[in-house]
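Chains A and B supply the protein sequences, listed in that same order.
Read in order, the letters of the first sequence correspond to residues 2 to 889 in the working numbering.
Read in order, the letters of the second sequence correspond to residues 199 to 300 in the working numbering.
Calculated directly from the structure, the hints in this document are not laboratory data.
All figures in this text were calculated on a predicted structure; none of them were measured in a lab.
You can take every hint at face value.
Calculated cross-link-like contacts (lysine-lysine; reagent style DSS-like; alpha-carbon spacing at most 30 angstroms): (1) A:K848 - B:K267; (2) B:K209 - A:K848; (3) A:K228 - A:K242; (4) B:K215 - A:K848; (5) A:K864 - B:K263; (6) B:K263 - B:K297; (7) B:K263 - B:K209; (8) A:K822 - A:K865; (9) B:K204 - B:K233; (10) A:K754 - B:K215.
To give an idea of the chain B side of the interface with chain A (calculated C-beta under 7 angstroms), a few residues: (11) D219; (12) T220; (13) S251; (14) S252; (15) E280; (16) I287.
The C-beta atom is built at its ideal place from N, Cα and C for all residues, glycine as well.
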Amino acid sequence: MARKKKRTRRKKRIGQKLNQLLLAMVSAAVVISGTVSVYSLYSMKHIATENGTELGQTAAEDAEKALENLAVENLRSIAVEKAAYIEEKFAAVEAYVLGIAAQAQAIYENPEGFPDRRVAPPVRDSHLLAAQLLWSERLATEGREGIAATPPLTEEILKLGNLQDMLVQYNAHNDMVSSTYVATESGWMIQADYISYSKYNMTGAESDLAQPIFYEAAGRQWYMRAKESESGQIIYTDVIKDIHEGGDCIVCASPVYYNGEVVAVAGVGSYLDTVNNAVLNVDIGEAGYAFLVNEKGQVLVSGSAEGETAAYAEQAVDLRASGNRMLAEAVTGMVEGRSDSLELSLDGKDVYLAYAPLNSLGWSFVTVIDVAEVVAPAKASQQLILSLTSDMAGRQDTAIRRVIVFFVAILVVIILLGCIFGTLFSRKLTEPIRTLTREVAKLDGGNMDYRIFLSTGDEIEDLGHAFNSMAEQIQSYVQNLASITAEKERIRTEIQVASHLQADMLPEAVGAFDDRDEFVLAASMTPAKGVGGDFYDFFLLDENRLALVMADVSGKGVPAALFMVVSRTLIRSRLMTVGKEGEDLAHMAEEINRSLCDNNKNGMFVTAWIGVLDIATGEVAYVNAGHCRPLLRRKNGSCEYDDMLGGLVLAGMEDAAYRQGSLRLRQGDTLLLYTDGVTEATSLQQQLYGEDRLIRTIADADSVTPEELLQELWRDVDAFQKDASQFDDITMLAVTYHGNGFEEKSDKPDMNKMKDFADFVEEVLEENGISMKTVMKIQMTVDEIYSNICYYSGAEEVTVGIRVEENSDQKDRRYKESRVKKEITLYFEDDGMPYNPLERPDPDVEKLLEQRKEGGLGIYLVKKRMDRVEYEYINERNKLTVYKTNEE
Amino acid sequence: MTVDEKKEKDKLVLYVKGRLDTTTAPQLEEIIAGKTTGLAELVLDFTELEYISSAGLRVLLATHKVMHKQGGSLIIRGVNDEVMEVLHITGFLDILNVKRGV
Numbered sequence: 002m003a004r005k006k007k008r009t010r011r012k013k014r015i016g017q018k019l020n021q022l023l024l025a026m027v028s029a030a031v032v033i034s035g036t037v038s039v040y041s042l043y044s045m046k047h048i049a050t051e052n053g054t055e056l057g058q059t060a061a062e063d064a065e066k067a068l069e070n071l072a073v074e075n076l077r078s079i080a081v082e083k084a085a086y087i088e089e090k091f092a093a094v095e096a097y098v099l100g101i102a103a104q105a106q107a108i109y110e111n112p113e114g115f116p117d118r119r120v121a122p123p124v125r126d127s128h129l130l131a132a133q134l135l136w137s138e139r140l141a142t143e144g145r146e147g148i149a150a151t152p153p154l155t156e157e158i159l160k161l162g163n164l165q166d167m168l169v170q171y172n173a174h175n176d177m178v179s180s181t182y183v184a185t186e187s188g189w190m191i192q193a194d195y196i197s198y199s200k201y202n203m204t205g206a207e208s209d210l211a212q213p214i215f216y217e218a219a220g221r222q223w224y225m226r227a228k229e230s231e232s233g234q235i236i237y238t239d240v241i242k243d244i245h246e247g248g249d250c251i252v253c254a255s256p257v258y259y260n261g262e263v264v265a266v267a268g269v270g271s272y273l274d275t276v277n278n279a280v281l282n283v284d285i286g287e288a289g290y291a292f293l294v295n296e297k298g299q300v301l302v303s304g305s306a307e308g309e310t311a312a313y314a315e316q317a318v319d320l321r322a323s324g325n326r327m328l329a330e331a332v333t334g335m336v337e338g339r340s341d342s343l344e345l346s347l348d349g350k351d352v353y354l355a356y357a358p359l360n361s362l363g364w365s366f367v368t369v370i371d372v373a374e375v376v377a378p379a380k381a382s383q384q385l386i387l388s389l390t391s392d393m394a395g396r397q398d399t400a401i402r403r404v405i406v407f408f409v410a411i412l413v414v415i416i417l418l419g420c421i422f423g424t425l426f427s428r429k430l431t432e433p434i435r436t437l438t439r440e441v442a443k444l445d446g447g448n449m450d451y452r453i454f455l456s457t458g459d460e461i462e463d464l465g466h467a468f469n470s471m472a473e474q475i476q477s478y479v480q481n482l483a484s485i486t487a488e489k490e491r492i493r494t495e496i497q498v499a500s501h502l503q504a505d506m507l508p509e510a511v512g513a514f515d516d517r518d519e520f521v522l523a524a525s526m527t528p529a530k531g532v533g534g535d536f537y538d539f540f541l542l543d544e545n546r547l548a549l550v551m552a553d554v555s556g557k558g559v560p561a562a563l564f565m566v567v568s569r570t571l572i573r574s575r576l577m578t579v580g581k582e583g584e585d586l587a588h589m590a591e592e593i594n595r596s597l598c599d600n601n602k603n604g605m606f607v608t609a610w611i612g613v614l615d616i617a618t619g620e621v622a623y624v625n626a627g628h629c630r631p632l633l634r635r636k637n638g639s640c641e642y643d644d645m646l647g648g649l650v651l652a653g654m655e656d657a658a659y660r661q662g663s664l665r666l667r668q669g670d671t672l673l674l675y676t677d678g679v680t681e682a683t684s685l686q687q688q689l690y691g692e693d694r695l696i697r698t699i700a701d702a703d704s705v706t707p708e709e710l711l712q713e714l715w716r717d718v719d720a721f722q723k724d725a726s727q728f729d730d731i732t733m734l735a736v737t738y739h740g741n742g743f744e745e746k747s748d749k750p751d752m753n754k755m756k757d758f759a760d761f762v763e764e765v766l767e768e769n770g771i772s773m774k775t776v777m778k779i780q781m782t783v784d785e786i787y788s789n790i791c792y793y794s795g796a797e798e799v800t801v802g803i804r805v806e807e808n809s810d811q812k813d814r815r816y817k818e819s820r821v822k823k824e825i826t827l828y829f830e831d832d833g834m835p836y837n838p839l840e841r842p843d844p845d846v847e848k849l850l851e852q853r854k855e856g857g858l859g860i861y862l863v864k865k866r867m868d869r870v871e872y873e874y875i876n877e878r879n880k881l882t883v884y885k886t887n888e889e
Numbered sequence: 199m200t201v202d203e204k205k206e207k208d209k210l211v212l213y214v215k216g217r218l219d220t221t222t223a224p225q226l227e228e229i230i231a232g233k234t235t236g237l238a239e240l241v242l243d244f245t246e247l248e249y250i251s252s253a254g255l256r257v258l259l260a261t262h263k264v265m266h267k268q269g270g271s272l273i274i275r276g277v278n279d280e281v282m283e284v285l286h287i288t289g290f291l292d293i294l295n296v297k298r299g300v
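Next comes chain A alone, as it looks inside the complex (with noise of 0.2 angstroms):
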């Protein structure tokens, strides 16, 4: 099921992809071009945001220097047209002057042209224009001080009386002119005002007013400025307080020469009102205004009350030494005349300023504006473009909006429709696939009888067909297939119930010899096919005769397990009449060969090891008939190889001749027999085990029993060959002898060597739990009997062997438990001259006192103390046997 529903969804797919794709294609063409169009939407916003942006900067830059220019050009013909209109007045009042000293310069040179005119002395209260008459005080006949009675008026006086009607008018008709007069050098004045009453002491006695003051006009600053000037000059008088009204004024004056010098000055006074008016009236933007500089850099009058630029009177400061440089070199241009605008920091405000020169009176006449105020508007139109500009890109921005809904809108649509076209069209296209998917699916489960009928007129029907074709060839695989399984089956039953034969064939090595002490054995066969060629064989000749077979058939499988069958029984039934004839192995060997000659049409053979152990002696007589080379691991490690050769392999060659050959197992040996499956078992790399890596894991192994030692070396084998796979048997069969129990030890017969002998005995018996007495005693004895064969048999070799046994005295009745009793047998084998030393008499003691070379000492002690010494002559050797019991 699980199968079917994945083919559902793949089917599925196909119908998928083409409605995605064409979904892709449209998605992609819409999502490009909207893309374009906002992104161009976008450009043109961002170019006309710009547009207005720039344009909004230069159109206040534009405007602000017009303005600029504007106010500039406007300060400056304030500053000129004001200048002018104050000169202009000026201009007059100097017309004044010129004219009454003209005419009374006239009246000097020619007083005959002239009638005597009284001019009457000023009237108290009187508030009236009109001319009056003063006079020094120089001039006073008598009176009290300050006060005078009108003096004696002289001609000069009488004759200058008939100016007055013209200082009246010229008073008169100018606003500007406060007072017109003139004053003689011999102390007379006669003066045209308003202020009669001004020329009366009123704070003085009631007598006093009678007259009016003093008037002494040679020490006034106009009156000196003009006698120092030449004829028909104009002077001017600083700013000065009015002296009898105290306002602000300025006297313009000039001289009047008789016969060359000054007789009289004529004098017009003018109040500044009119000038400060001028300056304070104008009018230039809500915060702009002027201001007045005389000569000397002073601030006269100003529209501006404080600060930099305010006047202020008596402390009236030169701007030329201002702080503020330009200020300075302005005014500085002022004082030298000219003319200017400027722009200029004033207050901490950047400010328009603009001057014109009073050239009469060397004043300027000076207009400031502010900057801001100039270019407020200019700055208000800029706000405003901005702000249209501002408000256009957001128009902007929300069409670009509209734009995008309007495109998504559309993708929309194009999805929703692509999804159900796709779906309609996808479908159409498919359902042949769909069809032939549904009929393939019948196959499916193992029924190749069903047979597809498609006519979609395409491709598919091909399909059809050919799946068709394969559904029958694989029918037909299928039923060969059932037929040879099962023969095959067959077969593998018959090879497994042979294979099972074989193994019952060879003998199980656990528990075959528990009864036997003297050697343990182990054996084992892994196949490497179903029947191997591979056997091996171990039975007891007799008590003491162990039979060891090893052997290998050529080939593999069930010829192979044939022809070890009959192999096996012929070995073994021969080596049966060997233990009864004592026949020679060799001879054994050349028989067997014969027999497995016989009939053997197949060319097949057979190698092996065979070998009768001896359990006593632990020597072996083997025949190696083209067999793997035996390993023999001795007691303390060391291994070696068995290099005798004993001839060509059996079933080989009919008249094929054996050598018998022999080896000597001693206590603790083992000998290992395998076949040619270990050393060639093969890794992965093609490596061979071979006999180096199997000397080597034998030599190394840590294992007591030979089960473990086979275990262990096939462990090393597998992990050798890894995931190869075995190709050959591996048999392994291995012998441990532990012989009678005796542990051994031979050497030269040399008294240096004796202490080793003594150290061997005394290790036994230690291990052995044997008492220090026994030990003493047992020590003493190897030192009498080892002494005795260095000294007299002449070996070349002598063995020493010991073995300590414990058996169970149940005999004795006296005891309740049955003691255990450590017997020890030690003996001495020689191959010296055959000597039995128990035949020798006993030592006389006497005898010793007197003859020094009495013998037989040693070994009378050793009968004495040991239970029992027993000696015999065999194999060419003399064999000394000592027994005693442990005491405890």
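Fit chain B to the supplied structure of chain A, relying on the hints for placement.
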């Protein structure tokens, strides 16, 4: 085997320790050989002797002869059971002056 000696006037005490066997017996014989001349009494202290072999017995016998010949005496003391048994078996007890204690 080791031998310590202690001289008292004309009396010499040799403390024989370890094993007096075939290999060590000649050494003891040599030690004694140079010291017996004019010696009135030779004492062999066997307190720490582990065992004695026939070769050791021969040395004792030879020494006994030498001392006897020069009118002196050989005294063996501190003999343990083991050595005593050997001396007894071989009949040396009858000949030699042997003391169990010191």
